[in-house]
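Peer 1: The hints should help you fit chains B, C and D onto chain A, whose structure is shown.
Residue numbers (our numbering), protein chains in the order written: chain A, 42 to 183; chain B, 282 to 602; chain C, 216 to 681; chain D, 679 to 870.
The set of hints was computed from the structure by calculation and includes no laboratory data. Source: prediction; values computed, not measured. Worth double-checking, as some hints may not be accurate.
[Said to hold, decoys possible] Some but not every residue of chain C turned toward chain D, in silico, with C-beta under 8 Å:
no., residue
1, Thr229
2, Glu267
3, Ala280
4, Gly380
5, Leu431
6, Gly574
7, Val590
Backbone N, C-alpha and C define an ideal beta-carbon position, used for all residues, glycine too.
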Amino acid sequence: MSEQTYEPKIVGFLCNWCSYAGADLAGAARLKYPPNIKIIRVPCSGRVSPELVIRTFREGADGVMVLGCHIGDCHYATGNHRTARRMPVLRALLEFTGIESERLLVKWVSSSEGELFAQTVREFTEKLRQMPPLGLRMTSSK
Amino acid sequence: MRYAYYPGCSLEKNAAAYDQSFRRVAEVLGMELVEIPDWNCCGATEYFSLDLLPAYALVARNLALVPEDLDQVVAPCSACYYNMYKTDKNMAAYPKLAAAVNEALAAGKLHYDPGRVLSRHALDVILEDFSLEEIGAHVKKPLRGLRLAAYYGCVTVRPAGHDDPEYPVRMERLLETLGATVVEYTLRANCCGGHMTQLDADTAYGMIHYLLHNANKLGVDALVTACPMCQLNLDAYQGQVNSHFGTDFHIPILYFTQMMGLAFGIQPEDLGFGQEIVSAKEVLEKFRNPPPEEEKRGRPRRKRRDKDALPMPEPLSGGDR
Amino acid sequence: MMDAGRHPNITLLTYSEVESVSGYVGNFVVRIRKRARSVKEDLCTGCGTCEENCPRRVVDTVYEAGLGYRTAIYRPFAQAVPAIPVIDRENCLYFTKGKCRICEKVCPTHAIDYTQEDTILEVEVGNIILATGFDPFDARRIPQFGYGRFPNVFTSLELERMLSGAGPTGGKVVLRDGKTVPQRVAIIHCVGSRDKNYREYCSRVCCMYSLKLAHLIHHKTHAEVYNFYIDIRAPGKMYEEFYHRVLDEGIHFVRGKVAQVTDAARGPEEEGRLVVQFEDTLTGLQRRMPVDMVVLAIGLEPRHDSREVARLFGISTDADGWFKEKHPKLDPVATMTDGVFVAGCAQGPKDIPDSVAQGAAAAARVLSLIGQGEVEVEAATAVVDELMCVGCGQCIQACPYSAIEYLEDRRIAHVIEALCKGCGTCVGACPSKAISLRHFTDQQLIWEMRGAIYGMQVQHAEHRGN
Amino acid sequence: MKIGVYICHCGSNIAGVVDVGEVARWAADLPDVAVARDYRFMCSSLGQELIKKDIEELGLDRVVVASCTPRMHEPTFQRAIAEAGLNPYFFEMANIREQCAWVHEDTEEATEKAKALVEAAVLRVRHHEPLRENRVPINPATLVVGGGIAGIQAALELANAGYPVYLVEREPSIGGRMAQLDETFPTLDCSA
Numbered sequence: 042m043s044e045q046t047y048e049p050k051i052v053g054f055l056c057n058w059c060s061y062a063g064a065d066l067a068g069a070a071r072l073k074y075p076p077n078i079k080i081i082r083v084p085c086s087g088r089v090s091p092e093l094v095i096r097t098f099r100e101g102a103d104g105v106m107v108l109g110c111h112i113g114d115c116h117y118a119t120g121n122h123r124t125a126r127r128m129p130v131l132r133a134l135l136e137f138t139g140i141e142s143e144r145l146l147v148k149w150v151s152s153s154e155g156e157l158f159a160q161t162v163r164e165f166t167e168k169l170r171q172m173p174p175l176g177l178r179m180t181s182s183k
Numbered sequence: 282m283r284y285a286y287y288p289g290c291s292l293e294k295n296a297a298a299y300d301q302s303f304r305r306v307a308e309v310l311g312m313e314l315v316e317i318p319d320w321n322c323c324g325a326t327e328y329f330s331l332d333l334l335p336a337y338a339l340v341a342r343n344l345a346l347v348p349e350d351l352d353q354v355v356a357p358c359s360a361c362y363y364n365m366y367k368t369d370k371n372m373a374a375y376p377k378l379a380a381a382v383n384e385a386l387a388a389g390k391l392h393y394d395p396g397r398v399l400s401r402h403a404l405d406v407i408l409e410d411f412s413l414e415e416i417g418a419h420v421k422k423p424l425r426g427l428r429l430a431a432y433y434g435c436v437t438v439r440p441a442g443h444d445d446p447e448y449p450v451r452m453e454r455l456l457e458t459l460g461a462t463v464v465e466y467t468l469r470a471n472c473c474g475g476h477m478t479q480l481d482a483d484t485a486y487g488m489i490h491y492l493l494h495n496a497n498k499l500g501v502d503a504l505v506t507a508c509p510m511c512q513l514n515l516d517a518y519q520g521q522v523n524s525h526f527g528t529d530f531h532i533p534i535l536y537f538t539q540m541m542g543l544a545f546g547i548q549p550e551d552l553g554f555g556q557e558i559v560s561a562k563e564v565l566e567k568f569r570n571p572p573p574e575e576e577k578r579g580r581p582r583r584k585r586r587d588k589d590a591l592p593m594p595e596p597l598s599g600g601d602r
Numbered sequence: 216m217m218d219a220g221r222h223p224n225i226t227l228l229t230y231s232e233v234e235s236v237s238g239y240v241g242n243f244v245v246r247i248r249k250r251a252r253s254v255k256e257d258l259c260t261g262c263g264t265c266e267e268n269c270p271r272r273v274v275d276t277v278y279e280a281g282l283g284y285r286t287a288i289y290r291p292f293a294q295a296v297p298a299i300p301v302i303d304r305e306n307c308l309y310f311t312k313g314k315c316r317i318c319e320k321v322c323p324t325h326a327i328d329y330t331q332e333d334t335i336l337e338v339e340v341g342n343i344i345l346a347t348g349f350d351p352f353d354a355r356r357i358p359q360f361g362y363g364r365f366p367n368v369f370t371s372l373e374l375e376r377m378l379s380g381a382g383p384t385g386g387k388v389v390l391r392d393g394k395t396v397p398q399r400v401a402i403i404h405c406v407g408s409r410d411k412n413y414r415e416y417c418s419r420v421c422c423m424y425s426l427k428l429a430h431l432i433h434h435k436t437h438a439e440v441y442n443f444y445i446d447i448r449a450p451g452k453m454y455e456e457f458y459h460r461v462l463d464e465g466i467h468f469v470r471g472k473v474a475q476v477t478d479a480a481r482g483p484e485e486e487g488r489l490v491v492q493f494e495d496t497l498t499g500l501q502r503r504m505p506v507d508m509v510v511l512a513i514g515l516e517p518r519h520d521s522r523e524v525a526r527l528f529g530i531s532t533d534a535d536g537w538f539k540e541k542h543p544k545l546d547p548v549a550t551m552t553d554g555v556f557v558a559g560c561a562q563g564p565k566d567i568p569d570s571v572a573q574g575a576a577a578a579a580r581v582l583s584l585i586g587q588g589e590v591e592v593e594a595a596t597a598v599v600d601e602l603m604c605v606g607c608g609q610c611i612q613a614c615p616y617s618a619i620e621y622l623e624d625r626r627i628a629h630v631i632e633a634l635c636k637g638c639g640t641c642v643g644a645c646p647s648k649a650i651s652l653r654h655f656t657d658q659q660l661i662w663e664m665r666g667a668i669y670g671m672q673v674q675h676a677e678h679r680g681n
Numbered sequence: 679m680k681i682g683v684y685i686c687h688c689g690s691n692i693a694g695v696v697d698v699g700e701v702a703r704w705a706a707d708l709p710d711v712a713v714a715r716d717y718r719f720m721c722s723s724l725g726q727e728l729i730k731k732d733i734e735e736l737g738l739d740r741v742v743v744a745s746c747t748p749r750m751h752e753p754t755f756q757r758a759i760a761e762a763g764l765n766p767y768f769f770e771m772a773n774i775r776e777q778c779a780w781v782h783e784d785t786e787e788a789t790e791k792a793k794a795l796v797e798a799a800v801l802r803v804r805h806h807e808p809l810r811e812n813r814v815p816i817n818p819a820t821l822v823v824g825g826g827i828a829g830i831q832a833a834l835e836l837a838n839a840g841y842p843v844y845l846v847e848r849e850p851s852i853g854g855r856m857a858q859l860d861e862t863f864p865t866l867d868c869s870a
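Next up, chain A with everything else stripped away, as it sits in the complex (with noise of 0.2 Å):
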């Protein structure tokens, strides 16, 4: 029980057109999540720069998801494939700047899929509850 006392902050990127659509639907559906998870809105996870996942964790998020649309279906025809390309090289930087690369998920939840999203938000939850606080936020300020 003890080992509980720390609650992971995690940034969820979200495409509008099937994440953040997605995510509505397990709303909709009465789904439940832990309350970890603050999503942001981006027209397409092509937008999400590698810069800016690094710049979540640097700013104190202990968890960054990266949601889009499945390959195939993106509203702007090939902007997640860019995702997917950058992803795997921005992994390998962060485990070079000491950050463990699982602390970053990227998937592809559809607008129909309020299950899998509420239930990859539990998963991923959980997982950082089990791993130490990353506290990388720069500041001392309380």
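Peer 2: Leaving out everything else, chains B, C and D in the frame of chain A:
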């Protein structure tokens, strides 16, 4: 492949033919059966209705006795299989139950962790660990000309979803592989009455009569079962049912392992033939001298389609629901 | 139907499927595959000679619901629109065995063309209405009702065809042998609907069509008709009244779920018949009833490919697979994707009046957009910081819309705003942070994440600048 | 800079889980927030009026609404503030229904999350810039997919209004399920 083997009480007495034939068939298929040392009764169907904790403990003791290096146990009896499966699952789902059961087991210096041993029915093991092709490869003397119907009863197919519980089809496929003529028996998954014979004989006879009457209409040479309880009810009470209803049924009730053994070329005596009450002599006779024209009769009749008749829907392929 | 076929403003593309959709509200580009009919549409007069002479008969699982036959070259039904047949290449003797060509010989206008190929056409439209309908529940999935095993178990759709004067039996209600008139008929309601094992929802039309079938069967055969129902749901204008009319006609109603339909007899009165085993919840008894015919009132399911179709048009489905409307009450025919509307059973089970109303409503929504003449499009486009851009061209490669050009003279990238859809993929690709997406700038997103991550503490940190 | 923050109850959809009054009180202390209110239905015309009135009387130049998903009502509110003379991009929404009240059960947790989402929106909106909508003409042609009764009806309405329609049907004929039925309930008239 090695399996822990739990014969259960019936297979020592009235269903000895099942035990004998299963062991012989397993040998042919290359299954190594390791009988659980010092096993006890599974409590059958009654004990769970009387006192839950001792009932679970009774079953868990057998699971605890499964040798460490084995992770699955085969039970030919549907009730034994069902009790073991249920005990394992419920202990996993209800930690309080698991703790209480283990407290009881501790008196005998035993312990069982739910999930360690997978309980399986003999029918499932044979049909899942071996393909029909593999089984077919062992067939030396096909059951040509024998009209057989598969009878699963209610317990065999119900807990684990190996087949459609409402309308299973796998034993039929097995019998076809053995070369038999399989007839579609609607009541394949209906209850045989279980121990109703001891509680209310008239009701039980009604249930047994229902099963026998509809099998008889199909002109079967035998009903093929996978459960000692089903076999017992339909076989041992067939005479009573006949006198009760004034019927004259003569339907041998045999185990699927006996039919496999026959097709594999094993001597009937080694498969427990002769222990049944409704004699299977005629079945063996037909097996030894199959009627030659039987094979050709079934086909062309189906072809002659009535010109008025409306088409039938195609059967569902794949069988998934 | 005829009106739609004749209307000068309607281009009818039957035997066709949409392959891809691109663009946005106001300006979609749609690629449509027009499958080869193997019949030249301009030459065919719809005389039907080919159908009469085709030697190949196949069971018609679509229009006749499996109860009747059609030929390999066929029109689904006599009044088909258009009246031009197609050759079903999977069953045609010429296409499968290489010989026959009878239709080619008998066609008086030489309209048969075995070499015809699929054609792809591209159309530009401003709006899209999806009315792709439903699939009937496959009754074979409930084996205890015996559909597909017992000849005299029928689906309600088969009965519809049987009752049709133009159907396989010429309107006569008979058993599968094609001649015996049933004396007692059981109609089992809620087959596949209101059932946790299959579909939890109510299919809305089955109660009413079951009442109608009961009435018509009774009327045509004088058979005793038993309805096995959970609840009778008759909400609609004149619906409850119709229920009472059917009650008064002497149709029987048994409230309870049917456990199984069997051909196994328990007594002489059951021999040779089907037996319905059920619980009568009004008497609390388990009962059996021998009947001659069983009709399964099958429910409505989303089209088997509804999820793929939804993806194609960029809309979503609900958990069951029905197309999801923008708002269940306030916006029932729009979707979350502008310019894409839904109508009819594709959105959920509904009866004919509701389907027609939704079709008209969807059209009205489209007309309102057309009436406005123009539509607002993305203002949140990408923009290049000319001082930062080194002209590497990464963004140009990343852009899915070819909306970024390279200015040779100044050696920088430039966004063509009219083409930019605002996805921001270029931003993710730019190595020198020279391109940004309006309304989704790094600064805006970073401040949003700060607020989300550590709340009020931001105020204190704020003075340290960004 | 003057920001107005509006927390929607959505009846009991949000207010049943999130302490909306608390979120509004707390939001009032966020940087540059001039007013923070909670209201039963922000998307109603009264709710929209509330925002417009504040823009005019308090001189708000940024607006944050915390309610349902922006995929539903973002255009509604953007239109409202535009009517009050504000650039519609000086607006941000916090999704405290689909992604908060409906997916969390504990009031304290949900209220804390709602606060974080509101703060995120406030901090974001401070950096918004005015943008101008582009307008494009609408192609008057319509694609109708599915030639059943609903599709036929839609196609006829549009065609009768004088606009071109492409009616695509997978089967060789239009008509759909309706063509299979002979008599329909409750009037038993023929369906063809």
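Peer 1: At a threshold of 8 Å, is the proposed contact between Glu267(C) and chain D supported by beta-carbon distances?
Peer 2: 17 Å, violated
Peer 1: Does Leu431(C) pass the interface hint, meaning its C-beta sits closer than 8 Å to a C-beta of chain D?
Peer 2: 7 Å, holds
Peer 1: Identify whether the interface hint at Val590(C) stands, where standing means a beta carbon of chain D within less than 8 Å of its own.
Peer 2: Holds. Min distance 5 Å.
Peer 1: Would the hint on Gly380(C) be counted as holding, given a Cβ-Cβ threshold of 8 Å to chain D?
Peer 2: 7 Å, holds
Peer 1: Report holds or violated for the interface hint on Gly574(C), using the least CB-CB distance to chain D and a cut-off of 8 Å.
Peer 2: This interface hint holds because 3 Å falls under the 8 Å limit.
Peer 1: Grab the minimum C-beta distance from Thr229(C) to chain D and call the hint holds if it beats 8 Å, violated otherwise.
Peer 2: With a closest approach of 5 Å, the Thr229(C) hint holds.
Peer 1: Would the hint on Ala280(C) stand, with a C-beta cut-off of 8 Å toward chain D?
Peer 2: 7 Å, holds
Hint 2 from the earlier list is the only one contradicted by this structure; the remaining hints agree with it.
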